[in-house]
Every structure is written in C-alpha cells, then in structure tokens.
Amino acid sequence: MRAIVIEDDIDIQQQIVARLKSEGFAVDSADNGDEGLYLAQEFPADVAIVDLGLPRLSGLEVIKRIRGQGNQVPILILTARGRWQDKVEGLDAGADDYLVKPFHHEEMMARIRVLIRRASGWSDSRIQCAPVTLDTATQRTYVDERELELTAFEYKVLEYLMLHAGEVISKSVLTEHLYDDESDNDSNVIEVFIRRLRQKLDPGETLKPIETLRGRGYRFTLKRAEQH
Amino acid sequence: MKSIKSRLTLVSMVVLVVFMVLTAVALERAVVKRALEAEEDGLQLLIYSLLAAVDRDADGHSLRVSSERLFEPDLVTRNSGLYALLYDRDRGVIWRSESITIDFPPPDGIALGEWEFDTLEHQATPYFRLGFALQWPDVNNKLRRYHVVVWRNAVDYFEQLNRFRQTLWAWLIVTTLLLVLVMYLVTRWSLRPLQMIGLEVQAIEDHRQSGFEREYPSEIAPLTENLNILLKREQYQRQRYRNAMDDLAHSLKTPLAVLTGIGDQARLDAAQIETLRAQTERMNQIVSYQLQKAGNLSDISISKPVDLVLIIEKLLSALEKVYQEKAIRVQRNLPDSMALRMDEGDCLEVVGNLLDNAFKYGRQRIFVSAEMNADRRTLKLTIEDDGVGLEQRQIEQILNRGTRLDEATEGQGIGLAVVADIVDSYNIELSFSRAQAGGLKVSLTFQIV
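Line by line, the protein sequences are chains X and D. Each residue of the first sequence is one higher than the last, beginning at 1 in our numbering. Each residue of the second sequence is one higher than the last, beginning at 1001 in our numbering.
Since the hints were made in silico from the structure, they are not lab data. Treat the hints with care, as some may be off.
As the list claims (entries may be wrong) - As a list, the in silico SDA-like pairs of lysine to any residue whose alpha-carbon atoms are at most 20 angstroms apart:
#1 D/Lys1326 with X/Tyr179
#2 D/Lys1360 with X/Glu106
#3 D/Lys1002 with D/Arg1192
#4 D/Lys1360 with X/Met1
#5 D/Lys1326 with X/Ile194
#6 D/Lys1033 with D/Asn1153
Said to hold, decoys possible - So, partial list: chain D residues that the calculated Cβ filter (under 7 angstroms) puts toward chain X:
#7 Ala1038
#8 Gly1042
#9 His1250
#10 Ala1257
#11 Val1258
#12 Thr1260
#13 Ala1278
#14 Arg1282
#15 Asn1284
#16 Lys1321
#17 Glu1325
#18 Leu1348
Where a beta carbon is used, it is the ideal one built from N, C-alpha and C, also for glycine.
Turn these sequences into a full structure, and let the hints steer you where they fit.
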C-alpha cells in the first residue's frame, strides 16, 4: 500500500511515516500543501493523510484540488482544532474521515485500514475470498482454518491483490503501490513473490488463486465472500 | 402603528385636513361678510339716490318721488328684482317703485336715523332688505317721520355663493390630496436613510457586507460611522480571538501529539506506557475542554440566524460518511427549515457532538426530530439512538468535564461537557431520557428570538 503524508510538524510527520512503514506501507511525505498536492498528483496512493493547518496551501485547499482532479484516494484529515465546523468543512471538501490531535497511532492505523478497505468495497476487517481469509487488523492470513506464514512483502502483495480481487493489476501498479522507492523496483522481484504466494496459498495447485495475464498483469481469481 | 412613516403620514394628513377645513370655513365667512357688506352699501346708495329724488307733494303735507330724478332704471322696470317703497309714520305706503308687482310687508319699527339691513325670504324668494327711518319737514315746517325700504332679489346672490362654495371646496379637496401626496413623498424621502440603515443591518446580519457602506445625511452619519467603528472592532476582536484560540490549539496539541506518538513507539514496559498515555490524555482533555469552552461565542448580537435543519443535514451527511461502516439508518422528522439566533460554530458544536454520540453508540438506527412548539416561541430538537443508553448517574458524570465513559470508543470525552457549557450560555434547555428504542434520548429546547 502507498500512503501520502502531508504534515508540517516534522516530529509528527516522522512518527506517522515510521508507523506506516512499520506496517508495510510505501510512504511519500511533504511538509507543505504545495508539495503534498504535487505528490498526490504524481504518485497514485491508497490513502492520504492531510493535516488541515498547512503552510503555502491549506489542507482544505489540498483536499479540494485533489478531488477537483477526480482523484478518489481516501483522505484522512488531521486537525488540532477539533471544532465541528472544521470537521464538517473538511468532510464537505472531500475528506473521508478525521482525526483530532493528539491521537494514538493504533487509532490512526485502524482508520487508515478502514478507509483503504472501504475504497475497495470491503466493509469488514476480515477480507475473504474463500477459502483465503486476510485479517487486516492482525495481518494474518488463513486458507480455510490453516494460518499461512507470509513475509511482510508477501502479505503486502496478497493484501493488494485481494483488496482488488477480480481486477487486473499490472506489475507497474503493484510496484507503485508496494515499493517505497522507485529505484528499488524490479518487476522480476514481483514475479518471485507471486510465485511464492501461489506455492503457499495453493500447494496442490487446485485453487489457482492468482492468474497471470500475459502483458497485462495479475488477477486474484477467487470470488469475494458476501459481507454484511 | 409601528412604522414611523405611517405615523408621520397619518399626523400630517389629520393636521392638513383640519387646517384645510378651518381655512375653507374662514374664507367662506369672509367672502359672505364682504358680499353682504357690498350689498348693503349698494342698497344704501340706492336709498340716497331715492332720497335725492324725494320732494314734498303738492299740498306740502306728504312726500313724493320724482320719476325724472330717479337714475336707477331697475326701479322703473317691472319685476326687475329691485324694489323701493316709501312709508309714512303709520306705515302706509306713500310711494312704490314701478318695478313692484307683488306686495311687500311694511317694515317693523326702525329707529330714527338707523339703517336696518337683513336677509329674508318672502313668498319663497330670498331678498336683501334695507330700511331707513328719517324725518322730513312739511309745509308748516313740522317734522314728519318716514320710512324708506328697498328690496333686492337675492336669488342670483345665493346661486353665486353656492357656485363659489363648490369651487372653493373642490379646490381645497384637490389641494389637500396633492399636499397629502407631497407630504407622503417627502416623508418617504426623509425616512429613506433610516430604511437604508435597516437594509444594511440586514446585509450585515446575512454576512453580505461587513459594515455600513452608504453615505447618510449629516444627522445620521455620526451614528453609522460609530457603528462601523464598533463593528470593525468587534469583528477584529472576534477574529483575533479565534486566531489566538487556533494558534493555541495548534501550539498545545502538536507537542501533545508528538508525546503521544513517542508513547506509542517507545520501548517501555506496559505500566510506563499506561502512565504516559494517561498523563498525555489528561493533559489533552484539559486543553481540549478549555479551548472549546473559550471558543464558544454565545454572542447573538449581530449574528446571522442559522438554519438548524441545514446544520443537521450538513452534520448527518458528514457523519454518514465517517460512520459508513456501521450503516446506520437515520430517520428524520424535520421541517424544510428552522431559523435560530445562534452562532453557527456553536450550533454546529452542540448538534455535532450529540449526533456524533448517537452515531457512535447507536447500533442500527437513530432518530432526529425538530419541531416548533404550539406557541411558536420554542423549538425542540430530539436525537435518539438505539444503543445501550445511560443511567442517571452516568449522565451526571458525563456532563462533568472531560469524563469519558467508554474508553474503548474513540473520542476526547469532552463532547457532552462542551454541549452543556454552550447550551447553558444560550439558555437552551438540555435533557436526557431513555429512548423508545432503548438508547439515549437527548432533547434540546431552544428559545426563538
């Protein structure tokens, strides 16, 4: 998952970035509205965390411009003021949720996970494409009742594919959303991880959960379970 | 009568009508008096000319009138309307003018040397009559008493008088109407600056302008100039205060956020983490509560009336987005609009906190209703949820600042305490009870200004 953090207080920004990275996110960060807007325009992200009180371009204006460009990235706003007027303005401008400072990082992560899931059409923290289940809260993976041992990167790949189950995901999209730094990306590595995931998810090769579409990318083929 | 314009118009109309009626009556009387005097003078001249034609008769014991010396042709033209008679002491007719075709009654006693003028009706015809009593020496130089009486038909006079009256009143009515119209226009024009002030106050209330912008007459200009200074000062102070609060919130909460982050990341044992969290949370609650409290304006002096229904809809739209996952169904019983005199920020704070709690603690359904009381002086807003509800002890506890009942649920725990502070400053009645669905029912009763 790729996140954009736009926060002018460097200490808070670094804490958020560190927490997101520790959760396996690729993170781009900016300490002002102008740069933040540029990041949102240039790098497709799965979530944006925007502080309302930003220098150069206010957080509210950043959100309006992101939405004005038709970008539907889920946006979590951070506000020190906490007045309903500010919250309503932020949500009206296009944000999806708000967090009043100070906040606990668990709470922030819970909100971010909800926003990402919601954007992909999942409402529960357990996303299920039978027989595979991914618990986004605990980052555990099961096939039927059997828990799989996945590395952090394998989990990131599987989570992204399952969140977009049924969709064709190109290697470049996967790379953009999973790698922190573009210089590291190597499509061969993606192929390696896909192969490993197939082995772990479907050792008997009966499920065939990840389909390769030559020249187009990958598709998670197992059907989404109905959610309430 | 509430408007100054109506008052001025009514008073000026009454004064004008009374003035015009009095003027008309005085004018008519003056004209009639002058006309009667002219008639009397004319008849006097006639009597003088008649006396000039009087001479003793042939035997010298009585008088006669010489027709040759009469220069008034109407006296010799039959039925001309001008008649003269000469009576002796016993009111026997000595001479009558040739114009007479009917009988005239003899005069009553007239004092010697006196003129007696009157208007009377004889045989259904109005006449002016002037009588004069005189003494004339006979042949023996003995003074004998005579009466001369002249009659003039007054039909023409009264017709003229009626025409004069009609013309007078017609002109007076037209003049009065014109003057009333002019007075109304003058009043309107004179009161226009006050009307403009009213419109500008409305524009200031609606936040379409920040002060009085028009030029006003010298009598009113000092008032609007001073009001402008007052408004600017008030807006400046309000903005400065809000900015200071925002800066303070930012300055206090950013380090708290950093501390909270450090607490979340630090490699401390469970007890240390709990202590750090508890202390930062406590600091945050105090700071948040005091900032929220200080930020409540409770100022309705020059505030725009807010539409409660619009605010509710705004908040519901925001909260339905935030609590999308809970898929809460909101049942509304709201009119199209409902105006309240309250600062918009304060109104958002009160209703926002209550709706947020309903979404937070409700399970599937919340009910929002707003209705005007029958006396149209109060309106009641009710928010109900189908959560677990609260006991009376918990309600009292939650209204104390910073108390947080459900540690598992996100929130700063100051929402209801802030609500209680704001409603208190606006004299809004706040009450809690059990909702039909089992959850909490919060009722707010607003006074309509």
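Restraint check, 7 angstroms cut-off on beta carbons, for D/Gly1042 near chain X: Cβ of D/Gly1042 sits 95 angstroms from chain X, so the hint is violated.
Given hint D/Arg1192 paired with D/Lys1002 - CA-CA distance at most 20 angstroms: 16 angstroms, holds
Hint status (Cβ of D/Ala1278 to nearest Cβ of chain X, threshold 7 angstroms): 12 angstroms, violated
Chain X contact restraint on D/Leu1348 - CB to CB distance below 7 angstroms: 4 angstroms, holds
Agreement of hint D/Lys1321 with chain X interface, Cβ distance less than 7 angstroms: Since chain X brings a Cβ to about 6 angstroms from D/Lys1321, closer than 7 angstroms, the hint holds.
Pair hint D/Lys1326 and X/Tyr179, alpha-carbon separation not exceeding 20 angstroms: Between D/Lys1326 and X/Tyr179 the Cα gap is close to 33 angstroms, so the pair fails against 20 angstroms, i.e. violated.
Given hint D/Asn1284 near chain X, where the shortest CB pair must fall under 7 angstroms: Interface hint status for D/Asn1284: holds (6 angstroms vs cutoff 7 angstroms).
Given hint D/Ala1038 near chain X, where the shortest CB pair must fall under 7 angstroms: Cβ of D/Ala1038 sits 89 angstroms from chain X, so the hint is violated.
Proposed interface contact between D/Arg1282 and chain X, which counts if any beta carbon pair is under 7 angstroms: 12 angstroms, violated
Cut-off 7 angstroms, beta-carbon criterion: hint that D/His1250 touches chain X: At about 5 angstroms, which falls below the 7 angstroms cut-off, the nearest Cβ of chain X leaves the hint on D/His1250 intact, so it holds.
Proposed proximity, D/Asn1153 with D/Lys1033 (alpha carbon, max 20 angstroms): Holds, because 18 angstroms separates the two Cα atoms, which is no more than 20 angstroms.
Proposed proximity, X/Met1 with D/Lys1360 (alpha carbon, max 20 angstroms): 28 angstroms, violated
Checked against the numbered hints above, the structure breaks hints 1, 4, 5, 7, 8, 13 and 14 and satisfies the rest.
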